[in-house]
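There are 6 protein chains.
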Amino acid sequence: MATVKLLTDAEIEAIPAAKAVFDDIRATRKSDFVNNFWRALANDPANLKRVWDTLKSVMTVEGALDPLVREMIYIAVSTANACQYCVQSHTAAARAKGMTDAQHGELLTIIGLAAQTNHLAIAMQVPADPEFEVQ
Amino acid sequence: MATVKLLTDAEIEAIPAAKAVFDDIRATRKSDFVNNFWRALANDPANLKRVWDTLKSVMTVEGALDPLVREMIYIAVSTANACQYCVQSHTAAARAKGMTDAQHGELLTIIGLAAQTNHLAIAMQVPADPEFEVQ
Amino acid sequence: MATVKLLTDAEIEAIPAAKAVFDDIRATRKSDFVNNFWRALANDPANLKRVWDTLKSVMTVEGALDPLVREMIYIAVSTANACQYCVQSHTAAARAKGMTDAQHGELLTIIGLAAQTNHLAIAMQVPADPEFEVQ
Amino acid sequence: MATVKLLTDAEIEAIPAAKAVFDDIRATRKSDFVNNFWRALANDPANLKRVWDTLKSVMTVEGALDPLVREMIYIAVSTANACQYCVQSHTAAARAKGMTDAQHGELLTIIGLAAQTNHLAIAMQVPADPEFEVQ
Amino acid sequence: MATVKLLTDAEIEAIPAAKAVFDDIRATRKSDFVNNFWRALANDPANLKRVWDTLKSVMTVEGALDPLVREMIYIAVSTANACQYCVQSHTAAARAKGMTDAQHGELLTIIGLAAQTNHLAIAMQVPADPEFEVQ
Amino acid sequence: MATVKLLTDAEIEAIPAAKAVFDDIRATRKSDFVNNFWRALANDPANLKRVWDTLKSVMTVEGALDPLVREMIYIAVSTANACQYCVQSHTAAARAKGMTDAQHGELLTIIGLAAQTNHLAIAMQVPADPEFEVQ
Chain S
1 MATVKLLTDA
11 EIEAIPAAKA
21 VFDDIRATRK
31 SDFVNNFWRA
41 LANDPANLKR
51 VWDTLKSVMT
61 VEGALDPLVR
71 EMIYIAVSTA
81 NACQYCVQSH
91 TAAARAKGMT
101 DAQHGELLTI
111 IGLAAQTNHL
121 AIAMQVPADP
131 EFEVQ
Chain Z
1 MATVKLLTDA
11 EIEAIPAAKA
21 VFDDIRATRK
31 SDFVNNFWRA
41 LANDPANLKR
51 VWDTLKSVMT
61 VEGALDPLVR
71 EMIYIAVSTA
81 NACQYCVQSH
91 TAAARAKGMT
101 DAQHGELLTI
111 IGLAAQTNHL
121 AIAMQVPADP
131 EFEVQ
Chain B
1 MATVKLLTDA
11 EIEAIPAAKA
21 VFDDIRATRK
31 SDFVNNFWRA
41 LANDPANLKR
51 VWDTLKSVMT
61 VEGALDPLVR
71 EMIYIAVSTA
81 NACQYCVQSH
91 TAAARAKGMT
101 DAQHGELLTI
111 IGLAAQTNHL
121 AIAMQVPADP
131 EFEVQ
Chain X
1 MATVKLLTDA
11 EIEAIPAAKA
21 VFDDIRATRK
31 SDFVNNFWRA
41 LANDPANLKR
51 VWDTLKSVMT
61 VEGALDPLVR
71 EMIYIAVSTA
81 NACQYCVQSH
91 TAAARAKGMT
101 DAQHGELLTI
111 IGLAAQTNHL
121 AIAMQVPADP
131 EFEVQ
Chain U
1 MATVKLLTDA
11 EIEAIPAAKA
21 VFDDIRATRK
31 SDFVNNFWRA
41 LANDPANLKR
51 VWDTLKSVMT
61 VEGALDPLVR
71 EMIYIAVSTA
81 NACQYCVQSH
91 TAAARAKGMT
101 DAQHGELLTI
111 IGLAAQTNHL
121 AIAMQVPADP
131 EFEVQ
Chain P
1 MATVKLLTDA
11 EIEAIPAAKA
21 VFDDIRATRK
31 SDFVNNFWRA
41 LANDPANLKR
51 VWDTLKSVMT
61 VEGALDPLVR
71 EMIYIAVSTA
81 NACQYCVQSH
91 TAAARAKGMT
101 DAQHGELLTI
111 IGLAAQTNHL
121 AIAMQVPADP
131 EFEVQ
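Chains as they are written, first to last, in our numbering: chain S, 1 to 135; chain Z, 1 to 135; chain B, 1 to 135; chain X, 1 to 135; chain U, 1 to 135; chain P, 1 to 135.
Keep in mind that the hints were calculated from the coordinates and are not lab data.
Mixed in with the good hints there might be a few duds.
The list treats identical chains as interchangeable, and a pair is accepted whether it falls inside one copy or across any two copies.
Below, computed lysine to any residue pairings styled on SDA-like, alpha-carbon distance capped at 20 angstroms [claimed, not checked]:
hint, residue 1, residue 2
1, Lys97, Ile15
2, Lys19, Gly63
3, Lys97, Pro130
4, Lys97, Asp129
5, Lys19, Val61
6, Lys19, Lys30
7, Lys97, Gly63
8, Lys49, Val61
9, Lys49, Val134
10, Lys56, Ala46
11, Lys30, Val58
12, Lys56, Arg26
13, Lys97, Leu6
14, Lys97, Asp9
15, Lys5, Ala17
16, Lys49, Glu133
17, Lys56, Ala10
18, Lys30, Pro127
19, Lys30, Ala2
20, Lys97, Arg26
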């Protein structure tokens, strides 16, 4: 049960600042589909614009990491933060960018292993090794 | 302040089950250095063996993902779980596997952005789009 | 799917210790509606009383912070802890106390930004500045 | 132990994109002191600028919430995310904005109570009440 | 909405590596019922085997802790990690192992109290007492 | 670096409400040592009393669970919440109540395993089995 309204296309039309962002989402993704996250965020057009501009510049432009790798990192963080919607939307996005079942399986295996050793290291309060020091 | 003793090489020598794992860590990594996590975990040789065997098979063998990508996923999970030791050790490991400053910067940017949208999606309780359904 | 039964008013009637707390909830809130959290917690009347007494004394009496601010802090913590029910119930409570859409939007923006810089600070393991020291 | 270098003023001087942000931080805050978070983030000048611009527009301009309330919300999120540095820096910031001991005590009390009921609601998997529905 | 397919018994039949694990789950638990977690994990038979083998050796063999205590620890971790499925499945498992309502109530009370003092200790950044040092 | 002052015995003497709680801590534990958590919390005597009274009634009186089991549940929650101080203090407390190395090792193993399957279940968004329904 959402805590804000999910704005329809008709409602977005009536808010120019939100409409401009939705137009850019559609143009950037070359698709008419705009998912619920943006329809919820559109209740605050200033934050909608801020988050979309950042996401667009971080996730869609050329960079040092492969676009699929970026989606897998996103899934990893979303899992550890227990964000159901984010896990679902970014798994769909990773699949759309070509993630294979084998890659998905390996991603989940690493996430699970990391969680396991994270908890062990915290429970044992392991002190940092001097060898880790940044040169 | 660790909650268990960090076993020295001399103490490890006296525990054959732990010694066997330490020998395998050194052989696999081709290095004499064994970091504190394993010295702490060695207090429970059965778990030491279990965790090392899993980590070895997940992180060091050939797979569907590049070894450096695996380390970056590990950093992402460790950050979201607030595991200081894990962030430090896996950042060092990623650097040892060739992570550039540009890749590190992009990794951190994605982690931060994911955390931001994770919290927004949770605070708004955005419902899943039917379009995300696995075929 | 709840892991405990949600007790109905008839079932509460049969447990005097729970009944007393429900009576106080209704009297304090000047409303007959008692939400599911208390119906679940009523399976353990001692904890029901303990939690309600604390919540009543922390959230409803006059204090150093405005009642609406208290609800917004509650939403912030609940979001970071990924508690769906708590986000939903305290957003409803904040609205009932007069939270405007602009305030809600700003609250969400701050929560998202804090999460972003939280993750960045953890991933970089930034050391405390001596200037933060409590005098 | 930081996972990136903390850039000194001399090092910042040599990176024009970072220098411009540091100048703006100093001008906005009317203080020469720039805390470690920004010195760490300056390793990636693009993200430094992005995060600072967002933080400046969210935390320092006039808005729907009092500046001190914003800092208290920041502390709440940082606590639940277990970000030590963020708890320390934003508690110092809140004090600088006039947070009294009584307000700090009440903030901590609410954070603790919220965490308690968050965990209870998750452990009992309490279903949302229809009454919470956004109109 | 799951991000992977939940494999049916017919689909499991066609994957010998997954079939062997499902046979062992059924034999170990002396029950035909195999819950959804394993049907999801079966998409990656190697990880299915690894996780089941670990879970079997940790949760079902004789050890230093009572089997019911192990389930209660599992519920505690799952709650703090906000894993809905895990809270539900391990609460059912604990009940099947004889957990009484009184024990469940006390477990939840401790989880809630721990969460409260965890957040207070983090918000206050309490330094470790030298008295905690492991001898 | 604490965000509040750690009150000394002399400072506690001057605050009757805090002094009364410290006296009760000492009497209940039959020890003069009062650890830093309470010295930090004493800055807010009302919350000090509330938290101590709850902790005393939950952790020290006879109940449905063994006192050592309660401490182990506390460690489990504190680990998942990444509370360093809490992990350290409750591990010390568990040892003081007789926790053996074998029990500690098994506790850590379960915590690590639970974290692993928590993350897997979240990443796969496994739906609840109808069989888990509370009767």
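Up to 20 angstroms between alpha-carbons, please classify Lys56 paired with Ala46: within, between, both or neither.
-> Result: close both inside a copy and across copies, 15 angstroms intra and 14 angstroms inter.
When no copy is named, should Lys5 and Ala17 be tagged within, between, both, or neither for a Cα gap of at most 20 angstroms?
-> within (17 angstroms within a copy, 39 angstroms between copies)
Is the C-alpha distance from Lys19 to Gly63 at most 20 angstroms within one copy, between copies, in both cases, or in neither?
-> Answer is neither; intra-copy 28 angstroms and inter-copy 23 angstroms both fail.
Evaluate Lys19 and Lys30 at a C-alpha cut-off of 20 angstroms and name the case that applies: within, between, both or neither.
-> within (16 angstroms within a copy, 37 angstroms between copies)
Between copies, within a copy, both or neither: which fits Lys49 and Val61 at Cα up to 20 angstroms?
-> Cα proximity of Lys49 and Val61: in one copy and across copies (17 angstroms, 17 angstroms).
What label fits Lys97 with Gly63 when the C-alpha limit is 20 angstroms: within, between, both, or neither?
-> both (16 angstroms within a copy, 19 angstroms between copies)
What label fits Lys56 with Ala10 when the C-alpha limit is 20 angstroms: within, between, both, or neither?
-> neither (24 angstroms within a copy, 33 angstroms between copies)
Are the CA atoms of Lys19 and Val61 at most 20 angstroms apart within a copy, between copies, both, or neither?
-> neither (22 angstroms within a copy, 25 angstroms between copies)
Evaluate Lys30 and Ala2 at a C-alpha cut-off of 20 angstroms and name the case that applies: within, between, both or neither.
-> Neither. Shortest intra-copy (27 angstroms) and inter-copy (26 angstroms) distances fail the 20 angstroms Cα cut-off.
Is it within, between, both, or neither for Lys56 and Arg26, if the alpha carbons may be no more than 20 angstroms apart?
-> within (12 angstroms within a copy, 29 angstroms between copies)
Up to 20 angstroms CA-CA - Ile15 versus Lys97, copy category | Classified as neither; 31 angstroms inside a copy, 27 angstroms across copies.
What label fits Lys97 with Asp129 when the C-alpha limit is 20 angstroms: within, between, both, or neither?
-> between (38 angstroms within a copy, 18 angstroms between copies)
Comparing the model with each numbered hint stated earlier shows that hints 1, 2, 5, 9, 13, 14, 16, 17, 18, 19 do not hold.
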